[in-house]
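**Student:** Protein sequences appear in the order of chains Y and V. Using our numbering, you'd call the opening residue of the first sequence number 1 and step up by one each time. Using our numbering, you'd call the opening residue of the second sequence number 1 and step up by one each time.
Hints in this document: simulated from the structure, not taken from any laboratory. Watch out, some of these pointers could steer you wrong.
[To be verified] As a list, the in silico DSS-like pairs of lysine-lysine whose alpha-carbon atoms are at most 25 Å apart:
hint: 1; chain 1: Y; residue 1: Lys5; chain 2: V; residue 2: Lys27
hint: 2; chain 1: V; residue 1: Lys46; chain 2: Y; residue 2: Lys27
hint: 3; chain 1: V; residue 1: Lys11; chain 2: V; residue 2: Lys41
hint: 4; chain 1: V; residue 1: Lys46; chain 2: Y; residue 2: Lys11
hint: 5; chain 1: Y; residue 1: Lys41; chain 2: V; residue 2: Lys20
hint: 6; chain 1: Y; residue 1: Lys11; chain 2: V; residue 2: Lys41
Computed from a predicted structure; not experimentally measured.
There are 2 protein chains.
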Amino acid sequence: MFLAKVYVTLKPTVNDPQGKTILGGLKSLGFDQATEVRAGKYLEIKVDATERAEAEATVEEMCRKLLANPVIEGYRYEVDEILL
Amino acid sequence: MFLAKVYVTLKPTVNDPQGKTILGGLKSLGFDQATEVRAGKYLEIKVDATERAEAEATVEEMCRKLLANPVIEGYRYEVDEILL
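Assemble the whole structure, with the sequences as input and the hints as a guide.
**Tutor:** Take a look at the structure:
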């Protein structure tokens, strides 16, 4: 069993209204040190596989087919074995 | 200038309908290897600070005051210096 940590982020050129809203919230709380916020998704997925390479290939396909929108988003992931 | 990567996750005991929906989507695409999905938030925040300790203290306070809901969410973060 493997645990995949998947990070989905907007591409740098894509407008990020959620990030801008969070930045506005931080500034209104007095955090003037914050200069930019980009918001993304973080997913933890348990994958049933016998080998790391198999788990990684599965997660790559998941990202391409469902988890990220390739037009506006990029993704990266780490796969770690879960020791039961 | 520092870049903070903030991960906000639901506590393990909290129900996660978004994660369940993503798991259902994966299964309907044929990814039977996926056994659990937990959805969280991933934020990249640029913080203007002269020292790492100062940046980390700022990010800790941001998490407590705005970014995470301490009743249902946990958070962790990494702070790296941006070399301009």
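**Student:** Please go over all the hints and tell whether each is borne out by the structure.
**Tutor:** Hint check results:
1. Y:Lys5 <-> V:Lys27: holds (18 Å)
2. V:Lys46 <-> Y:Lys27: Given that 25 Å is the threshold and the Cα spacing comes to 13 Å, the pair holds.
3. V:Lys11 <-> V:Lys41: Holds - the C-alpha atoms of Lys41 of chain V and Lys11 of chain V are around 13 Å apart, at most 25 Å.
4. V:Lys46 <-> Y:Lys11: OK: Lys46 of chain V and Lys11 of chain Y at ~16 Å, within 25 Å.
5. Y:Lys41 <-> V:Lys20: Holds - the C-alpha atoms of Lys20 of chain V and Lys41 of chain Y are around 15 Å apart, at most 25 Å.
6. Y:Lys11 <-> V:Lys41: holds (16 Å)
Every hint from the earlier list agrees with this structure, and none is contradicted.
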